[in-house]
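Chemist: So the sequence lines, in the order shown, correspond to chains A and B. Counting in the working numbering, the first sequence runs from 1 upward without gaps. Counting in the working numbering, the second sequence runs from 261 upward without gaps.
One thing to keep in mind: the hints can contain errors.
Said to hold, decoys possible - Taking lysine-lysine pairs in the DSSO-like style, the calculated list, with each CA pair at most 27 Å apart, reads:
id, chain 1, residue 1, chain 2, residue 2
1, B, Lys408, A, Lys206
2, A, Lys249, B, Lys401
3, B, Lys458, A, Lys207
4, A, Lys207, B, Lys281
5, A, Lys206, A, Lys153
6, B, Lys281, B, Lys405
7, A, Lys207, B, Lys299
8, B, Lys467, A, Lys124
9, A, Lys141, A, Lys21
10, A, Lys198, B, Lys467
11, B, Lys298, B, Lys281
Hints in this document: simulated from the structure, not taken from any laboratory.
2 protein chains.
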Amino acid sequence: MNITILGAGNVAWHLAQAFEKAGHNVMEVYARNRKNAKKIASLLYDSDVTNSLDLRDSDATVFVLAVSDKAIEDLAKQILLPANSLLVHSSGSVPLEVLEYARKKNKDLEIGVLYPLMTFTTGKNLDINQVPFLIEGSDEKLILKIAKSLSVKCQLADSLQRQTLHAAAVFACNFTNHLLALAKELTENEEVDYNLLKPLISETLKKSLLVEHPGDVQTGPAVRHDLNAIAIHRDLLKDNDQLLSVYDKLTESIQYWHGE
Amino acid sequence: MNITILGAGNVAWHLAQAFEKAGHNVMEVYARNRKNAKKIASLLYDSDVTNSLDLRDSDATVFVLAVSDKAIEDLAKQILLPANSLLVHSSGSVPLEVLEYARKKNKDLEIGVLYPLMTFTTGKNLDINQVPFLIEGSDEKLILKIAKSLSVKCQLADSLQRQTLHAAAVFACNFTNHLLALAKELTENEEVDYNLLKPLISETLKKSLLVEHPGDVQTGPAVRHDLNAIAIHRDLLKDNDQLLSVYDKLTESIQYWHGE
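So here's chain A without its partners, still in its complex pose (with noise of 0.2 Å):
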């Protein structure tokens, strides 16, 4: 198929040679900066950049908003098409119906969502085979039919269950990253070693990944109820108000979730 990429951050860098990959072609590449898009372009077989969301004259038939979600439905109100195209969009939270926009000016024009759920970084390769997409749209055939040229784990969901997927997401990784850093900070503060946490930290997820619910393997002073252990470590951090209201946020949650 032929396909636009619009965007020019870490989800487009990926998906635009993801499509090439599976065997179809990027015709151009938008970027408002053309500079941002010609660096996507650069590593594609023959795309043009554009920064210009008139593109009734484009070759391509699939049209795939690759940008940030505050982006989604400034460009869905502008973005002029071809007959019979589709339009998607790839966000976890941004509803489908944001693309109805583009729908007003181009009656026959599809709409859908092409949702990655992974974390994107410029530069570092992945596995995209790997990635669940999930889907849905007006035409989920064939959107479909997209998802699957790029991963074998393709899944139709509708805009709740991809919100809720993506909630759960910031809880799982935007989250979880956020404690490392907290705890990376807290070693700082002390002076000992990050480091001697990592082997525990894997050891730790390996377990979680493994088994059928993460609460079945939590350990740790919460869930032992070991007021000696919580009252050094609250003592550890009474200098740090935001620390020890992440602590005891999470302390309060553990032993609400594992039934004081």
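Given chain A, put chain B in place with the hints provided.
Modeler: The following block gives chain B in isolation, referenced to the frame of chain A:
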């Protein structure tokens, strides 16, 4: 060396076998309930089981308290040891000084801490050679020698440093595991498949462990100040006060940490 293990839990299970593999003799396994001690002794070459804390006639010279934090003080008060022996505990948060109780009855007793910074599960082997051991005590040379017979990663750490690493481990491991449990709960509530998150969880952790500071790879709505996504997530969580309060606390902490 001749070693006696006190305790019958996860740490005792691992340490007893590790000592034997390292060429030491495990003379006795103590547990209040002899049955529990037998479970561990049965895995060893030739160890007695006992439920007596009068160990004055033991042939061991090293006594390892691998019991719950709560039990350490009581055992230190009750235990009777041979002359010229060493008593260590294996806890991350209990101060060394607690073992002074045992010294009252045995002036030449050496005391110390041999803390493996790892999560152990009975029945699940792991490479103890790579486990960091934190050491302190009245005869650090001796304790370090014992630790080095078990692992290549041994390091002196005073009680404050050890407690700091223990608190950091609570953030980096116990709390992160709980966040995975909350993510799982969230997916269950909306009947989406938690397994879809696993590649993302693994990739996030891989990325976080590779960089100098986890804060450098923080992603997600909080650090982007993506108010739309945050509003969508808060709406999804509105009937679950506990999840919502954790979401809000960690969102606030991320924004505070990354300079609001």
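Chemist: Does B/Lys299 sit within 27 Å of A/Lys207, going by the straight-line distance between their CA atoms?
Modeler: 23 Å, holds
Chemist: Compare the distance between the alpha carbons of B/Lys467 and A/Lys124 with 27 Å, and conclude whether the hinted pair is satisfied.
Modeler: 10 Å, holds
Chemist: Would the pair B/Lys281 and B/Lys405 pass a check requiring their Cα atoms to be no farther apart than 27 Å?
Modeler: 15 Å, holds
Chemist: Run the distance test for B/Lys298 versus B/Lys281: straight-line Cα separation, threshold 27 Å.
Modeler: 19 Å, holds
Chemist: For the pair supplied as a hint, A/Lys198 and B/Lys467, confirm whether the alpha-carbon distance does not exceed 27 Å.
Modeler: 12 Å, holds
Chemist: Straight-line Cα separation of A/Lys206 and A/Lys153 no greater than 27 Å?
Modeler: 21 Å, holds
Chemist: So if I understand the rule, the pair passes when the alpha-carbon distance is 27 Å or less; does A/Lys249 with B/Lys401 pass?
Modeler: Violated, because 41 Å separates the two Cα atoms, which is more than 27 Å.
Chemist: What's the verdict on B/Lys458 and A/Lys207, does the C-alpha distance respect the 27 Å limit or exceed it?
Modeler: Distance of about 12 Å is within 27 Å: holds.
Chemist: Hint check: B/Lys408 vs A/Lys206, CA-CA at most 27 Å. Holds or violated?
Modeler: Holds, at about 26 Å.
Chemist: Is A/Lys207 close enough to B/Lys281, meaning Cα to Cα at most 27 Å?
Modeler: 24 Å, holds
Chemist: Given the hint that A/Lys141 pairs with A/Lys21, test it: the Cα-Cα distance must not exceed 27 Å.
Modeler: Cα-Cα ~21 Å, so holds.
Hint 2 from the earlier list is the only one contradicted by this structure; the remaining hints agree with it.
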